[in-house]
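Q: What follows is the residue order along each chain.
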Amino acid sequence: MTDQAATTALGRPQRSLWGDVIRQFLKHKGGVAGLVIFLFIVFAVVFGPYIHTIDPQYLDIRNKNLGPTWEHPMGTDNLGRDGLAQVLSGGRVSLAVGIAAMALSLLLGTLIGILAGFFRKLDGPLMRTTDLFLALPILPLLLVIILLFRDTLRSAFGPETGIFLLIVFVIGITSWMNTARIVRGEVLAVKEREFVLAARSIGTGSLKTIGRHIFPNVLSPVMVSATLGIANAIITESALSFLGLGFPSDFPTWGRLLYDGANFMTLNPARVIWPGLAISLTVLSVNYIGDGVRDALDPRIRGR
Amino acid sequence: MTKHDQVLVKADNVKVHFPIHKGIFRKQVGSVKAVDGLTFEIRKGETLGLVGESGCGKSTAGRAMLRLYELTEGQLDFEGVDIASLDPHALRDMRPRMQMIFQDPQACLNPRMTVGSIIAEPLDEHTNMSTAEKREKVKTLLDAVGMNRDYVNRYPHEFSGGQRQRIGIARALALDPDFIVCDEPIAALDVSIQAQVVNLLQDIQERMGLTYLFISHDLSMVRHIADRVAVMYLGKIVELAEKRDLYKTPKHPYTQALLSAVPVPDPDIEAKREHIVLKGDVPSPANPPKGCNFCTRCPIAIDKCRTEEPELRELKTGQFVACHLAE
Numbered sequence: 001m002t003d004q005a006a007t008t009a010l011g012r013p014q015r016s017l018w019g020d021v022i023r024q025f026l027k028h029k030g031g032v033a034g035l036v037i038f039l040f041i042v043f044a045v046v047f048g049p050y051i052h053t054i055d056p057q058y059l060d061i062r063n064k065n066l067g068p069t070w071e072h073p074m075g076t077d078n079l080g081r082d083g084l085a086q087v088l089s090g091g092r093v094s095l096a097v098g099i100a101a102m103a104l105s106l107l108l109g110t111l112i113g114i115l116a117g118f119f120r121k122l123d124g125p126l127m128r129t130t131d132l133f134l135a136l137p138i139l140p141l142l143l144v145i146i147l148l149f150r151d152t153l154r155s156a157f158g159p160e161t162g163i164f165l166l167i168v169f170v171i172g173i174t175s176w177m178n179t180a181r182i183v184r185g186e187v188l189a190v191k192e193r194e195f196v197l198a199a200r201s202i203g204t205g206s207l208k209t210i211g212r213h214i215f216p217n218v219l220s221p222v223m224v225s226a227t228l229g230i231a232n233a234i235i236t237e238s239a240l241s242f243l244g245l246g247f248p249s250d251f252p253t254w255g256r257l258l259y260d261g262a263n264f265m266t267l268n269p270a271r272v273i274w275p276g277l278a279i280s281l282t283v284l285s286v287n288y289i290g291d292g293v294r295d296a297l298d299p300r301i302r303g304r
Numbered sequence: 305m306t307k308h309d310q311v312l313v314k315a316d317n318v319k320v321h322f323p324i325h326k327g328i329f330r331k332q333v334g335s336v337k338a339v340d341g342l343t344f345e346i347r348k349g350e351t352l353g354l355v356g357e358s359g360c361g362k363s364t365a366g367r368a369m370l371r372l373y374e375l376t377e378g379q380l381d382f383e384g385v386d387i388a389s390l391d392p393h394a395l396r397d398m399r400p401r402m403q404m405i406f407q408d409p410q411a412c413l414n415p416r417m418t419v420g421s422i423i424a425e426p427l428d429e430h431t432n433m434s435t436a437e438k439r440e441k442v443k444t445l446l447d448a449v450g451m452n453r454d455y456v457n458r459y460p461h462e463f464s465g466g467q468r469q470r471i472g473i474a475r476a477l478a479l480d481p482d483f484i485v486c487d488e489p490i491a492a493l494d495v496s497i498q499a500q501v502v503n504l505l506q507d508i509q510e511r512m513g514l515t516y517l518f519i520s521h522d523l524s525m526v527r528h529i530a531d532r533v534a535v536m537y538l539g540k541i542v543e544l545a546e547k548r549d550l551y552k553t554p555k556h557p558y559t560q561a562l563l564s565a566v567p568v569p570d571p572d573i574e575a576k577r578e579h580i581v582l583k584g585d586v587p588s589p590a591n592p593p594k595g596c597n598f599c600t601r602c603p604i605a606i607d608k609c610r611t612e613e614p615e616l617r618e619l620k621t622g623q624f625v626a627c628h629l630a631e
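Listed in order, the protein sequences are those of chains Z and S. Following the numbering used here, the numbering of the first sequence begins with 1 at its first residue and continues without gaps. Following the numbering used here, the numbering of the second sequence begins with 305 at its first residue and continues without gaps.
Pulled out of the complex, with its shape left as it was, chain S reads as follows:
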């Protein structure tokens, strides 16, 4: 893909650990390694899908990208500026360029504010527009997300989930950002509304040249919207590839298992298809296994997997896999 060759966001060994305190003296006895060494790039104008099961650190990774969590370690380049070490003031000036769309449309809008003031909040914070200009801008934003301009005076509880998600999107767009983290924006919506919202996101991306980090556990939706896909397991990326390669020739056993769980809309094929069923549960991120994180559930694990941690290596152009056995 030639149009995406400039790197916009570059994560280098990003770690987010949450300390666990115990006992009377609240001594730190360990840490939850929610995100444990992510390295990837997001190119300008592309959509990077981030998939993984519940609790694997997707949302934490997304929030860390905007430094809503302090990084324990690692660097986060946003067009050459290391956000991870910026002081709060400089970080605040960067905020308009990166925004977030949240998972729960119910919780992400303040119930006591009108839609108009919710969408205008970023404008209040970062611009010196007059009230009339703000109102005009809010109305164009409502137009952009396909909502009635007259809704500025209503409250979030008067809307359906899909409409609220549109309001959230309008808020994220208010400052003309370059990069938007979509944290499972469709997970809480009806299937019929999911398509609308995803199409809206794609539409806006085309119009405004946005870059997305699209976090989801819905593999088919990611296939629809993403250019490249990263698969996470227990705080680490196990596979990162162009969408076509990942869905056609998954190399990591975890990716293979994930993909085999997606149902095929043809009963004949579905009946004959072989599922890879993973046994056991995801280990606790407070106490990950030695060696490869996936070795406790991997169907093809060998002794080496239990002692040595696999590096993310490039198998073929653009397809990175963290597995000793992948070829």
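Only chain Z is shown next, with the shape it has when bound in the complex:
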């Protein structure tokens, strides 16, 4: 038995965690479907404007409030702007804001959660800071931040980049708290498991223990937060735009298109349906991707 095993083992390389994760993810039907849709949206948004070349800002008053035509597949709005062009260029901004803000809030939340859970001395200060952020009234805070920094950032980076950075930053730092709390709780539980003690008895340093043992075991809640985070960021950005605090009013984002279209819903429902569909599809596909990644990361679920 040993001889046979030895010969079969010779050819096989050591499997790595990430190789297994990718293999398992590709078996998760929902995850793959989500990934395909998400990639489709991303490609459409990035390369679409080169194919559908109408300027989203171009006013064609004579063709206002059109239904779908060959020239304007998603119709036009009350000023005659092309719907598809607006959805495509709005998607660039919304997706960029959603992903960047999610990444920032995830990074902050995971970092703070892991530090607070792992190092007992940091627990008190960091979690009280988290509570402080949770207790802040978000909307007034956003108003103040944006009023204070909008003009300086605009002059420093240009109107669009400036406001983009500001919005990503504002959404990022106001949405990391839940992730931090969840991650801290998980870390506290994982830290007491014997394999962490085993790592200490081997002489593994704190940082390596976190990287090798703690972080992979708290990835599931992080993945869930991440997928919900993108949806949240897109919606918060819409709310900000609606309040007139986000991007300039002639600058389309999915949220802004939705709110602008809301007034014309009875006259021209397509104006609400298309951006709404884009937001929902993105959120849904990201959720499925998250689901697939989470399952793929858990070796106990893997292979089922």
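I should point out that these hints are in silico values taken from the structure, not numbers from a laboratory. Some hints could be false.
Claimed, not checked - Simulated pairs of lysine-lysine, DSBU-like, Cα-Cα distance not exceeding 30 Å:
1) Lys441(S) x Lys208(Z)
2) Lys441(S) x Lys121(Z)
3) Lys191(Z) x Lys594(S)
4) Lys191(Z) x Lys326(S)
5) Lys121(Z) x Lys326(S)
6) Lys208(Z) x Lys438(S)
Said to hold, decoys possible - Short, incomplete list of chain S residues facing chain Z, as computed with Cβ under 8 Å:
7) Met404
8) Asp408
9) Cys412
10) Leu413
11) Asn414
12) Arg416
13) Glu425
14) Pro426
15) His430
16) Met433
17) Glu440
18) His461
19) Gly465
Said to hold, decoys possible - Not close to chain S: a few residues of chain Z, all C-beta gaps over 10 Å, as computed:
20) Ile41
21) Gly48
22) Tyr50
23) Pro56
24) Leu115
25) Leu126
26) Leu143
27) Gly158
28) Leu197
29) Ala198
30) Ile202
31) Arg212
32) Pro216
33) Thr266
Nothing here was measured: the structure is a model prediction, and the numbers come from that model. Where is the CB? At the ideal position from N, CA and C, for every residue including glycine.
On the provided structure of chain Z, position chain S as indicated by the hints.
A: Frame of chain Z, contents of chain S only:
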């Protein structure tokens, strides 16, 4: 025993107290005296059994031996180096020489790592081997613990408890240690698997000249594997003797009670045998009784036991007892 006369590990008055904080200001109001003054030696190549009931501080003592807990007091000599006062860097360099096998095979392996990377972790930390060398080493280790070499790519949840314990043993062996603390390595296993694991441990000991501190509450298993046995009660050693002496002529009333609780596999003897049944519960280690720790439950306690703490004294060669009345 002549082959074991060099001392490898020497504990001198080792204490591990965990502080209790209470109130708004988290003031320290007391401490749990989990390990309260252990003094013993472990000689090279021998197996010292450490027995006692649940909560008496066995596991804490074992972990303190590797300084996984900071000692409150006392010294811990490992071949002349005092581990208790080493700085973290020097301690890390000592780590390869002392390893641990854990109680719960379910919890002691990271579920997200393959067996190969679990066993290779000590090699990653302490050697500069290339990936191919590590893989070779991991495979020889799997051979050494009697497992299929092909298992390197599997995950811990695919194995049974006994197999996982073997993986834990392979990890402990990876750096060729001198001293291994076995923290109840068989407590979570089936009886049939217990024998396999214990025999494996003995096998490896013979082959690699290891020294064990074998922690267990299973007296018959300790009798099988240990050379000398220490009995703990409430953070202290009450009796320490060669295996033969301890099982034949236990001197401390607690040891006597423990041994009388081991069933005899003969119904006739078992029916007639007298059991010493201890009354009451183990006192809280946060608030141990005055005098002898065992005086609250001791069947033969006298007034002196309630006021004066007995020292561990050598009754006859190699048999140490902490009791005023033992002769």
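Q: All the hints need checking, so say for each whether the structure fits it.
A: Hints and how they fare:
For the hint pairing Lys441(S) with Lys208(Z), the CA-to-CA distance comes to about 22 Å; that is within 30 Å, so the pair holds. About 39 Å separates the Cα atoms of Lys441(S) and Lys121(Z), which puts this hinted pair outside 30 Å; it is violated. In summary, the hint linking Lys191(Z) to Lys594(S) is not supported, as the alpha carbons are separated by about 36 Å, beyond the 30 Å threshold. For the given pair, Lys191(Z) sits about 23 Å from Lys326(S) by alpha-carbon distance, which is consistent with the 30 Å threshold.
For the proposed pair Lys121(Z) and Lys326(S), the alpha carbon gap of about 17 Å is at most 30 Å, so the pair holds. Note on Lys208(Z) and Lys438(S): the hinted pairing holds, with a Cα-Cα distance of about 19 Å set against a maximum of 30 Å. At a threshold of 8 Å, the smallest CB-CB gap from Met404(S) to chain Z is about 5 Å, leaving the interface hint in force. With a cut of 8 Å, the hint placing Asp408(S) at the interface with chain Z holds, because the nearest CB-to-CB distance is about 6 Å.
The closest approach between the C-beta of Cys412(S) and any C-beta of chain Z is roughly 4 Å, which is under the 8 Å cut-off, so the hint is satisfied. Because the smallest distance between the Cβ of Leu413(S) and any Cβ of chain Z comes to about 6 Å, under 8 Å, the interface hint for this residue holds. Here the hint on Asn414(S) is kept, as its CB sits about 4 Å from the closest CB of chain Z, short of 8 Å. Taken as an interface hint, Arg416(S) checks out: its beta carbon lies about 4 Å from the nearest beta carbon of chain Z, inside 8 Å.
For Glu425(S), the interface hint holds, the least distance from its beta-carbon to any beta-carbon of chain Z being 6 Å, beneath 8 Å. For Pro426(S), the shortest C-beta to C-beta distance to chain Z is roughly 5 Å, which falls under 8 Å, so the interface hint holds. Look at His430(S): its Cβ gets to within about 7 Å of chain Z, closer than 8 Å, so that hint holds up. Given the 8 Å rule on beta carbons, the hint for Met433(S) is violated: about 13 Å separates it from the nearest Cβ of chain Z.
About 11 Å separates the beta-carbon of Glu440(S) from the nearest beta-carbon of chain Z, more than 8 Å, and the hint is not met. With a cut of 8 Å, the hint placing His461(S) at the interface with chain Z holds, because the nearest CB-to-CB distance is about 5 Å. The interface hint given for Gly465(S) is broken, as the beta carbon of that residue sits about 14 Å from the closest beta carbon of chain Z, more than 8 Å. Every beta carbon of chain S lies more than 10 Å from that of Ile41(Z), the smallest distance being close to 31 Å; the non-interface claim holds.
Listed as outside the interface, Gly48(Z) is consistent with that label: its C-beta sits roughly 39 Å from the nearest C-beta of chain S, beyond the 10 Å cut-off. Taking the minimum C-beta to C-beta distance to chain S, about 43 Å, the non-interface status of Tyr50(Z) holds against the 10 Å cut. Interface exclusion of Pro56(Z) from chain S stands, the closest Cβ pair being 46 Å apart, more than 10 Å. Every beta carbon of chain S lies more than 10 Å from that of Leu115(Z), the smallest distance being close to 19 Å; the non-interface claim holds.
The claim that Leu126(Z) lies off the interface holds: its Cβ sits roughly 17 Å from the closest Cβ of chain S, which is beyond the 10 Å cut-off. With a least beta-carbon separation of about 37 Å from chain S, Leu143(Z) lies farther than 10 Å from that chain, consistent with its non-interface assignment. Even its closest Cβ contact with chain S, about 44 Å, leaves Gly158(Z) beyond 10 Å, as expected for a residue assigned away from the interface. With 10 Å as the threshold on Cβ separation, the claim that Leu197(Z) sits away from chain S is violated: the shortest Cβ distance comes to roughly 6 Å.
With a closest Cβ-Cβ approach of about 5 Å to chain S, Ala198(Z) is found to fall inside the 10 Å limit, against its non-interface label. Not every CB of chain S is more than 10 Å from the CB of Ile202(Z) (nearest about 5 Å), against its label as outside the interface. A beta-carbon of chain S is positioned within 10 Å of the beta-carbon of Arg212(Z); the least distance is around 7 Å. Here Pro216(Z) does not stay apart from chain S, with its beta-carbon only about 4 Å from theirs, under the 10 Å limit.
The claim that Thr266(Z) lies off the interface holds: its Cβ sits roughly 54 Å from the closest Cβ of chain S, which is beyond the 10 Å cut-off.
Violated hints, listed in ascending order, are 2, 3, 16, 17, 19, 28, 29, 30, 31, 32; each of the other numbered hints is respected by the structure.
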